[in-house]
Amino acid sequence: MRLLLEKRSEHSHTMVYLSPVIAIGLTLVTGAIIFAFDGLNPLEALYVYFLEPLKYLWTFAPDDLWSLEQLAVKAAPLALIGAGLSVSYLANVWNIGAEGQLTAGAIFGSAIPVMFPEWQSPLTLVLMLVFGVLGGMAWASIPAFLKNRFGASEILTSLMLVYVAGLLLDWLVRGPWRDPGGHNFPQTIAFSDWQLLPSFDGTLHIGTLFAVIAAAALTVLMGRSLKGFEIRVLGASPRAGRFAGFSRKGAVWFCFMLSGGLAGLAGISEVMSTVGQLQPSISPGYGFTAIIVAFLGRLNPIGALVAALALAISYLGGEAAQVSLQISDKIAKVFQGILLFYILACDSMILYRPRLIFNRAPAAVPAE
Amino acid sequence: MEKEFKMKKWIVAAAALAVGVGLLTASASAAKLKACWLYVGPVGDGGYTYQHDLGRKEVEKELGDKVETKYLENVAEGPDAERAIERFAREGCKIVFTTSFGFMDATIKVAKKYPKVFFEHATGYKQAKNVATYNARFYEGRYVMGEIAAKMSKTGVAGYIVSFPIPEVVMGINSFMLGAQSVNPNFKVKIVWVNSWYDPGKESDAAKVLFGQGADIMVQHTDSTAPLQIAQEQGKLGFGQSSDMIKFAPKAQLTANTDSWGGYYVQEVKKVLAGTWKSQDTWGGMAQGMVVLSPFTNMPDAVKAMAEKSVADIKAGTLLPFAGPITKQDGTVVGEKGKSLSDKDLNSMNWYVKGIDDKLPQ
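Just so you know, the sequences run in chain order A and B.
Going by my numbering, the first residue of the first sequence is number 1, and it counts up by one from there.
Going by my numbering, the first residue of the second sequence is number 1, and it counts up by one from there.
It should be emphasised that the hints constitute simulated quantities derived from the structure, not laboratory data.
Source: prediction; values computed, not measured.
All C-beta atoms in this analysis are idealised placements derived from N, C-alpha and C, irrespective of residue type, glycine included.
Please note that a few of the clues may not be correct.
Distance ranges between label pairs, derived from CB positions [as the list claims (entries may be wrong)]:
id, chain 1, residue 1, chain 2, residue 2, range
1, B, Glu91, A, Gly202, 12 to 20 Å
2, A, Lys330, B, Gln280, 35 to 43 Å
3, B, Lys247, A, Val29, 38 to 46 Å
4, A, Val164, B, Lys154, 37 to 45 Å
5, A, Gly250, B, Lys112, 49 to 57 Å
6, B, Thr297, A, Leu68, 52 to 60 Å
With these hints in hand, go ahead and build the complete structure from the sequences.
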């Protein structure tokens with residue numbers, strides 16, 4: 001007996017959208033089993049993990065708003081990067097290095113407060129954001145150039161540049177950009193006033209709006225513009241795209257600039273809100289998690305927004321579960337891993353049909 | 001009539017007792033104090049965070065059902081710290097210990113928002129009305145380690161693996177060197193910066209390099225057990241950091257400079273229970289039991305006796321690791337004879353003592 005995966009001749013359109021829902025369902029069931037094995041009440045554990053952060057949606061108690069705001073703040077960089085990556089991946093441009101572009105954006109944008117700490121004006125804020133975007137684009141332009149000029153695999157080059165950006169940041173905060181009054185700790189001066197994003201009430205900052213705007217803008221771009229059509233055609237069938245007169249190289253540039261710029265914006269927004277200064281680590285791997293976000297969101301910018309919220313829950317729920325249920329912090333990573341596994345499995349089922357092949361030997365014996 | 005009255009009295013008394021007991025138990029469960037800890041590493045790191053968690057467990061053991069403890073482990077210094085601390089405050093924690101330097105600004109920020117919650121930040125320098133700071137004089141242990149190293153080393157060279165050039169770490173290097181020079185004035189220390197508190201790979205590479213350059217004793221101001229394990233493999237000697245690491249290097253560990261937070265944590269939580277908690281800056285050493293050298297092993301009795309005497313002298317205050325005059329690397333001399341450098345000088349230390357074979361990263 002063996003298992004065979006057969007290519008399906010037709011893909012169900014509904015299943016494409018149902019698959020992440022099924023995957024999330026399976027993750028919950030698996031999670032409940034794990035919790036039960038750990039001696040916890042699975043329903044209570046799942047509630048603490050996945051529903052408590054959303055409590056405000058049905059209690060409307062002002063006190064519960066906090067969790068929801070934290071969720072939005074955590075999801076914002078994931079959604080921003082995920083939206084850009086979605087477009088890239090649709091065009092078959094594999095930007096794996098969003099984490100590096102995020103770091104580059106944070107560095108470029110932070111150059112302003114580090115070099116001109118006294119300069120406080122609304123323009124400071126705007127320029128920092130613009131520099132952040134430019135930084136991400138500059139970093140993304142390297143793999144784009146290498147791809148178009150030499151045909152170098154953008155998967156490798158963009159990924160490698162993540163480490164280069166990380167080391168550059170490390171060197172800056174330990175060396176030339178270190179806070180002179182910071183007791184030699186590796187960090188820049190703390191940003192203040194116009195060097196930080198304004199927040200609505202201390203937690204929720206306008207960076208979360210960027211994510212919503214980006215998702216909406218990219219949806220329009222992909223659905224209603226020629227550029228969107230071009231990207232989808234080039235992704236689905238490069239040959240057809242060429243006959244239509246679309247430039248493959250142009251698409252590579254466009255995708256890298258778009259996804260790199262958004263990653264850079266996410267980076268500088270994080271630095272200007274939750275972190276408040278440059279330090280050796282400014283992101284817990286948002287650029288990589290955003291790859292999961294893009295696929296979970298079906299390579300659709302609005303989908304990425306929803307997926308980012310789902311992954312943000314897995315982070316924050318892990319924290320809540322640690323405090324309320326006293327379980328290890330590893331649980332969040334386990335959940336993310338299980339979720340990705342089920343999504344890939346469900347997606348494979350869309351493209352392939354599993355078939356159990358039984359040993360046909362007995363049937364094959366000819367009756368003489 | 002009389003009997004009936006008595007009966008009534010009994011009933012009233014019983015009822016009062018019942019209500020009293022009920023109130024007592026109710027108030028006891030309501031008054032269960034929540035004490036919470038924020039850790040930068042995993043509780044199983046076998047070093048720094050592990051020691052803090054031992055302290056938390058001691059609070060649980062000592063104060064029993066008067067307290068309930070919570071912790072969050074592996075919280076990065078940066079974007080997640082503030083949210084984690086605020087979560088504690090929202091969960092009803094009355095006292096929150098944030099155990100890494102990098103949590104400083106986040107602690108201060110959250111403390112402003114929750115004036116009724118008490119915060120204690122380890123190794124930092126910013127206080128507020130509801131934020132206390134605490135740290136231990138680890139350099140006291142390092143002085144004794146220096147003396148032992150100078151006695152035990154054949155090459156007269158120690159390798160020193162360090163994390164970040166902050167005063168805390170520089171102070172440790174200098175104290176170690178002063179201890180060593182008190183035994184052997186020509187003692188040498190070679191230094192490798194690994195720029196991390198916990199990176200077993202880098203730490204073991206550094207240990208190999210230092211042994212290769214002639215060191216035969218390893219000192220570390222990083223948290224993994226890797227350097228000691230390399231020492232064990234190569235038949236060399238070394239010192240444990242933060243936690244007793246004898247299990248990992250039974251033939252190599254001379255002693256370990258361990259942090260013992262339990263006593264302090266119990267004391268602070270008790271203060272909250274009694275309503276006497278106040279913001280303060282605590283810097284305790286061997287005398288207060290915050291720094292403890294684990295049993296002296298792998299050394300002759302004479303060396304052991306010397307080390308034990310030094311520990312006793314430091315506790316008694318007759319041996320001051322940073323007693324002047326001290327010659328700096330650049331040749332200038334600081335400190336008065338018989339008097340220790342001030343805490344302020346120690347906490348802003350950014351220079352090496354003479355004889356250290358390294359340039360301090362500035």
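To see whether the hints hold, each was checked on the structure:
Checked against the given bound of 12 to 20 Å, the beta carbons of Glu91 (chain B) and Gly202 (chain A), roughly 18 Å apart, stay inside it. Distance hint for Lys330 (chain A) and Gln280 (chain B): a CB-CB separation of about 36 Å, consistent with the stated range 35 to 43 Å. At about 40 Å, the beta-carbon gap between Lys247 (chain B) and Val29 (chain A) stays in the expected band of 38 to 46 Å. Separated by about 43 Å at the C-beta atoms, Val164 (chain A) and Lys154 (chain B) satisfy the suggested range of 37 to 45 Å.
Our hint of 49 to 57 Å for Gly250 (chain A) and Lys112 (chain B) holds, since their Cβ atoms are close to 52 Å apart. Under the hint 52 to 60 Å, the C-beta atoms of Thr297 (chain B) and Leu68 (chain A), about 55 Å apart, fit the expected range.
This entry satisfies every hint, going by the numbered hints stated previously.
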